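J.: Sequence:
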Amino acid sequence: MKQTVYRGVEYEEALRVVKAQRYERAERRQFTNGASAKAVFGAGVYLVSNPLVAAQYAICHAETIGDKAAVLKQQLALPGLFCLDERYGENELRNEALQHRHGAEELERRAAGLSYEEWLEWTGDEVRAYVLACGYRGDSLSDQPGAYVLCLL
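Mapping of the sequence shown onto our numbering: residues 23 to 175, in sequence order.
Source of the hints: derived by calculation from the structure; they are not laboratory data. As the structure is a computational prediction, the values presented were derived from the model and not from experiment. No incorrect hints appear here.
Computed beta-carbon distance windows for the label pairs:
hint	residue 1	residue 2	range
1	GLU127	ALA99	42 to 48 Å
2	GLU139	GLN78	21 to 27 Å
3	GLN43	ALA133	37 to 43 Å
4	GLY135	LYS90	40 to 46 Å
5	ARG38	TYR138	28 to 34 Å
6	GLU127	LYS95	43 to 49 Å
7	LEU142	GLN97	28 to 34 Å
8	ASP107	TYR138	25 to 31 Å
9	ASN72	ARG38	20 to 26 Å
10	TYR158	GLN97	16 to 22 Å
11	ALA99	LYS41	20 to 26 Å
12	LEU103	LEU74	18 to 24 Å
13	GLU143	ASN72	25 to 31 Å
14	GLU140	ASN72	28 to 34 Å
Think of the CB as a built atom: it goes at the ideal place given N, C-alpha and C, for glycine as much as any other residue.
My request is simple: use the sequences and hints to build the entire structure.
T.: As structure tokens, this is what we get:
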């Protein structure tokens with residue numbers, strides 16, 4: 023089953039992706055203005071099914087480095103993707119993953135012993151391990167062939 027997916031990036035990156043026909047980086051980013059972004063669920067390429075959401079990501083990325091925004095659109099037929107929606111989102115997945123592998127006391131102890139950044143890093147790794155254990159693909163879409171189409175904003 024094919025699905026249309028989008029990724030919001032800055033314009034210069036979008037040009038490179040279209041030319042190379044592959045994504046060049048994961049979501050962990052250090053921007054030129056000092057801002058940083060970390061993917062909630064570990065390394066990988068995060069795609070959305072809503073072009074307006076992708077546009078919001080694109081604008082955030084572009085504004086922080088002084089570039090224009092772009093949205094990449096792709097038809098994707100790839101089994102084993104983990105999809106989140108309004109019924110089962112980031113919070114539900116995170117809670118399920120942490121409760122599956124750890125008891126409440128252990129989670130409290132870990133939360134108390136880690137900084138906020140360390141907690142985000144650890145929970146992202148835990149969610150990724152959970153999704154992989156459930157049989158979903160964990161490899162990066164960076165190596166997946168496909169037609170990446172540039173949609174300018």
